[in-house]
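Novice: Listed here are the chains, written in short residue letters.
There are 2 protein chains.
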Amino acid sequence: MRKVYLSNTPRGEALDQFLSRVDIPRRIETLATAAAAGRVTGGPVIARLSMPGYHAAAMDGIAVRAENTFRASDQNPLLLAPDKDYRYINTGGPLPEGFDAVIKIEDIQVLEDGGLEIIAPATPWQHVRAVGEDVVAGELIVPGGHRLRPPDLGALLAGGITELAVRARPKAAVIPSGSELVVPGTDREKGSVPDFNSTVIASYLAEWGADPEILPIVPDDPAKIRASVTAALENNDLVIINAGSSAGDRDYTFSVIEELGEVFLHGVAARPGKPTILGQAKGKPVIGLPGYPVSAYMSLEWFVRPLIFRCLGLPVPEREKLRAALGKRVVSDVGVEEFVRMTIGHVEGRYIANPLTRGAGVTMSLVRADGLLVIPANSLGFEMGEEVEVELYRPREELRHNLLAAGSHDLIIDLLGTFLKERNPRMSLSSAHLGSMGGIVAVGRGQAHLAGVHLFDPESGEYNWPYIRKMLPGVTVRLVNLAYRMQGWIVPGGNPDGIKNVKDLAAGKIPFINRQKGAGTRIYFDHLLREAGLSPAQITGYGREEHTHLNVAAAVAAGTARAGLGILPAARAFNLDFVPLAEERYDLLLSETFYNSTEAASILTVITDPLFHEKVEAMGGYSMRDAGKIMEG
Amino acid sequence: MRKVYLSNTPRGEALDQFLSRVDIPRRIETLATAAAAGRVTGGPVIARLSMPGYHAAAMDGIAVRAENTFRASDQNPLLLAPDKDYRYINTGGPLPEGFDAVIKIEDIQVLEDGGLEIIAPATPWQHVRAVGEDVVAGELIVPGGHRLRPPDLGALLAGGITELAVRARPKAAVIPSGSELVVPGTDREKGSVPDFNSTVIASYLAEWGADPEILPIVPDDPAKIRASVTAALENNDLVIINAGSSAGDRDYTFSVIEELGEVFLHGVAARPGKPTILGQAKGKPVIGLPGYPVSAYMSLEWFVRPLIFRCLGLPVPEREKLRAALGKRVVSDVGVEEFVRMTIGHVEGRYIANPLTRGAGVTMSLVRADGLLVIPANSLGFEMGEEVEVELYRPREELRHNLLAAGSHDLIIDLLGTFLKERNPRMSLSSAHLGSMGGIVAVGRGQAHLAGVHLFDPESGEYNWPYIRKMLPGVTVRLVNLAYRMQGWIVPGGNPDGIKNVKDLAAGKIPFINRQKGAGTRIYFDHLLREAGLSPAQITGYGREEHTHLNVAAAVAAGTARAGLGILPAARAFNLDFVPLAEERYDLLLSETFYNSTEAASILTVITDPLFHEKVEAMGGYSMRDAGKIMEG
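The listed protein sequences derive, respectively, from chains Z and V.
So for the first sequence, my numbering puts the first residue at 1; every next one is plus one.
So for the second sequence, my numbering puts the first residue at 1; every next one is plus one.
Be careful, since some hints might not be right.
Keeping only pairs whose Cα atoms sit at most 30 Å apart, straight-line, the calculated BS3-like set for lysine-lysine is [stated by the list, open to error]:
#1 V:509 to Z:84
#2 V:104 to Z:517
#3 V:104 to Z:224
#4 Z:190 to V:84
#5 Z:629 to Z:470
#6 V:190 to Z:84
#7 V:284 to V:224
#8 V:104 to Z:190
#9 V:517 to Z:104
#10 Z:104 to V:224
#11 V:321 to Z:321
#12 V:190 to Z:104
A few chain Z residues facing chain V, derived, Cβ under 10 Å [stated by the list, open to error]:
#13 49
#14 51
#15 91
#16 128
#17 130
#18 137
#19 199
#20 247
#21 249
#22 291
#23 320
#24 395
#25 428
#26 544
#27 554
Per the computed footprint, the stretches of chain Z lying under chain V, defined by three or more beta-carbons under 8 Å from a beta-carbon of chain V, are [unchecked claim]:
#28 52–59
#29 138–146
#30 354–366
#31 411–422
#32 564–574
Worth flagging that the hints you see were computed from the coordinates, not collected in a lab.
All C-beta atoms, glycine included, are put in the ideal place defined by N, C-alpha and C.
Produce the entire structure from the sequences given, and follow the hints as far as they go.
Specialist: Below, the structure written as structure tokens:
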């Protein structure tokens, strides 16, 4: 029988339980000081030698005996006898035996006969660096548990420490398990999935200070998983199994850990990341991570990161936090803590945070995330406009210059972001795919800097302005043309169904893949339907929605749809055919405030750059003839 | 003739000039994705493949054709025919051809005869992960100029990118120059100095993203320096020479750069770091760094760091800033920007910053620094208590838990810091060596958490309280014993001058090394003088001061003094003799507020721990018999 339900232990409780029941023993290793940057000292380090090791001149000049110079004055310059009274000395040079002060070269008068006069006495020990001024033998250079930075290495070497004890990095085995997994780069047959999770997990582990090793992929076979874990336990301080941590009939992680040791907990009241297994075998921590990428990385951070930092004796670093206004309502279920990836930007004087997709399988949501919103288990979520605290994935300073693009998404927006970043490393651009209508709303509410808009108004034959006027009455905004682009039918190679217009779709009951409500392309499709006198019910698949041109093309390429409406580069990305339908205007909507900013000026500089036009037009289906032109309403 | 004066160009101007005249060309290299963590993308990266590459089940259950399930309801359960109507499917498995929805395993009724029923219809595409849900072919995964983090690697591999173009790390040669330099670890003869600067410079360069190489040490010989720079220019993008950048008669860096290329600037109006040379040869940046360690690292950060970040196309990260009250007046000269290393802690609700030594040669000041105070060129400095902005070397969160120890310094304080940190990784301890009197003042003013105090009052025969009562009238404080320790004469091995008491010192005109004013040991020495009826003038070297026991011992070991007053472990560190004089009480002074904090509780836990006692007593000359006892006034 399947065991279907997991426990619902609160995350904090799960972590406390785990940390109290397992540990990674602390080991020490000896390293050359020069190779120890970033490592953590194994104990206090005391200087063996002093630096300087002798009394040294702190200036270029002459070494003197101070008591022999007391008579020197402006009125009575004192002639010094070479060797007996003075010796030339360079900065850093050792003070000769019996000498106790240095006079700077600038304060010496060289006479015509080569004699040497001074006009002021030297005080004892002036301009002398005493033994141990830099580092003195016997002093503590760095305490134990200290992460070594470059100047620490300098002080250690100065203090005669050429090698030292550091805490060994805990060794962590990562076992990718799953019959569907193949090594990344292997040809992907239907049903096979590249094991990219292991690379992410190992990179995080290395970043946190562990020494990770990715073991060979193991199929869903309990004996083989057991053998791999058993071998891994020999040479490692902890073992991570990814995945098989859920409760399906091919999920063996639980039973393997239970067999080899003990499972403390199966299931955390947090999302994504719920199907986590915490246990031990041979006294070493064994963790079963969920298979969905975002779930796996969340769970790794919750339970493995504190374990590693504790082993290294370092505090777990806290992420910078920021208060931001929500650009969108975020709902949550009571009883489960939710982790929502957010884009964050600084719009009209305040930080705005927008949720990205919450799918546990969407790695791109972590790539695009600027921060994380943690919704407590007892909360139903937050309203739009509400101020929330977000944990930052990028420095606050960077987010201060992060532009939020809402509205319709087009590949040109990504290209614009890349150009901006390459020319102004401080600038960056985060996109939310809200559709044209959503973009107008976001700019109107001060929740985005700009929005891509391509909304045709059949009545006036005009683009965008009729919608903007209606949706943002009385608000001053600017509309700048980004491009004209060709919309058309995205169909399988050779256009087997001979799609030319929307009537062909209806007549042939061709499975269609639609765009989401509010998208300009959806509105255009509805317009085509009305024009042809058709109703949505006559289109097979009208209710099936995707959020981007590329995802529409992907559905056609996968054969689950036989037609979609979209742009040429999307069809090209999947080697599909494209039946051009009409050129449409794609504009950028900017608030008046933003339009007058230096950031907007940088955007306009890119948009009007022939190099940018060249790159855009190379994608196919674009005309940049009006790019950068203000489109008057 | 010596060229003595350097230019006084403001730092910002010098940097602008430098960056406008030199550049490091950007190179691209191809790396395996799995090895690219932390590297910067060479251009935008577009997904080649979609993930998932096929429509996949998002749940464990059965794949069905939605249109065949529409009739199912609570009242009329629908029996499904295996194979034709349904197929079992696991999460991630490919949806079989012709099937378009998944029903969760929990929603299926298995009948006794093995038949399978459902009681609700499936909607098309429910519980299906569409092709490209995670990453869709053709979409931008990361823009150019993006520093790769672990989840980026996952998205790249998911998108079929197993190798990618990244910006090559600029190659930087570090040339240690100076006839006094030896490789660290070599036996140190008088006049030789281990080259530890190169290791620090190379570690910083690597941390900032460059690829550094330390070349062999070159003596102060212009031909050899020229040859080394010429060779370095062949294989590197920039060359750093350390040192010889000043204007002494053995400083050849200027003339070598001038000969091979061009010097833009010699001398910056900033301290430490003034004698910097910025130039080029063969079109590549060549930098002459000062010889004093702190100067070298400051200059490296000012001029080389921005160059590297520009080459990598990344913004130069800004340090976190903090407003703190000055615990001490900090003066500065007009016309020069000054960089003062500071300790920082959070005392009684506000951050307090105290200056460390400003010596350019004191590497330990960088090791001990929690932050940096930048005094503008037009400022005369800041008054005690004034609020200043400091740049942080450690995260603010860490400094929130950093304890400031003022007052007399003893090796036990360092040991206490190490014990605290090992047991509470979030805690740390920064010491300012202010002497006992300075420590009482600092605790009284809320500028330190605790102070080491050992002040004997001859009139009452009492320790510490008479001074505290006089200096902090009406202030409630706590005094806790840390140890009793033996004070004595630190003298050369075999005590050749037969020092037993202060009269022997005076009689033999033995060169003495004193402690600074306000130090408990200085006050004790003055007491010994008065007791013996002697005056300071009768003591040779009475005016020569050191700030620590260890530095006193170092002076005796170097032979520039033949006696000092101090503690046994200091004598031991230099293999000197120690003539015990008297046991003294060494207490910790804590404000009442701090005494009641959890941090103080952690301190008391360490102080009363037998393991700590063992470690302290092993240093020699300590008794822990009252450690942790409240010393009533």
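Novice: Closer than 8 Å, Cβ to Cβ, for at least three residues: run that test on the stretch 564–574 of chain Z against chain V and report holds or violated.
Specialist: holds (count 5)
Novice: When you check the alpha-carbon spacing of residue 190 of chain Z and residue 84 of chain V, does it fall within 30 Å?
Specialist: 21 Å, holds
Novice: Per the CB criterion, is residue 320 of chain Z less than 10 Å away from chain V?
Specialist: 9 Å, holds
Novice: Would the hint on residue 137 of chain Z stand, with a C-beta cut-off of 10 Å toward chain V?
Specialist: Interface hint status for residue 137 of chain Z: holds (5 Å vs cutoff 10 Å).
Novice: Residue 629 of chain Z and residue 470 of chain Z were given as a pair; does the straight-line alpha-carbon distance stay at or below 30 Å?
Specialist: Holds. Residue 629 of chain Z to residue 470 of chain Z sits at ~22 Å (cutoff 30 Å).
Novice: Are the Cα atoms of residue 517 of chain V and residue 104 of chain Z separated by 30 Å or less?
Specialist: 28 Å, holds
Novice: Against the 30 Å threshold, does the CA-CA distance of residue 104 of chain V and residue 517 of chain Z hold or violate the hint?
Specialist: 28 Å, holds
Novice: Should the interface hint for residue 130 of chain Z be scored as holding, given a Cβ-Cβ cut-off of 10 Å against chain V?
Specialist: At 6 Å from the nearest chain V Cβ, residue 130 of chain Z passes the 10 Å test, so the hint holds.
Novice: Counting residues of the stretch 354–366 of chain Z that have a beta-carbon nearer than 8 Å to any beta-carbon of chain V, does the count reach 3?
Specialist: holds (count 6)
Novice: With 10 Å as the cut and Cβ atoms as the points, is residue 199 of chain Z at the interface with chain V?
Specialist: Residue 199 of chain Z check passes; min Cβ-Cβ to chain V is 5 Å, inside 10 Å.
Novice: Check whether the Cα positions of residue 284 of chain V and residue 224 of chain V lie no farther apart than 30 Å.
Specialist: 20 Å, holds
Novice: For the pair we were handed, residue 104 of chain V and residue 190 of chain Z, check the Cα-Cα distance against 30 Å.
Specialist: Given that 30 Å is the threshold and the Cα spacing comes to 22 Å, the pair holds.
Violated hints: none; the structure is consistent with every hint.
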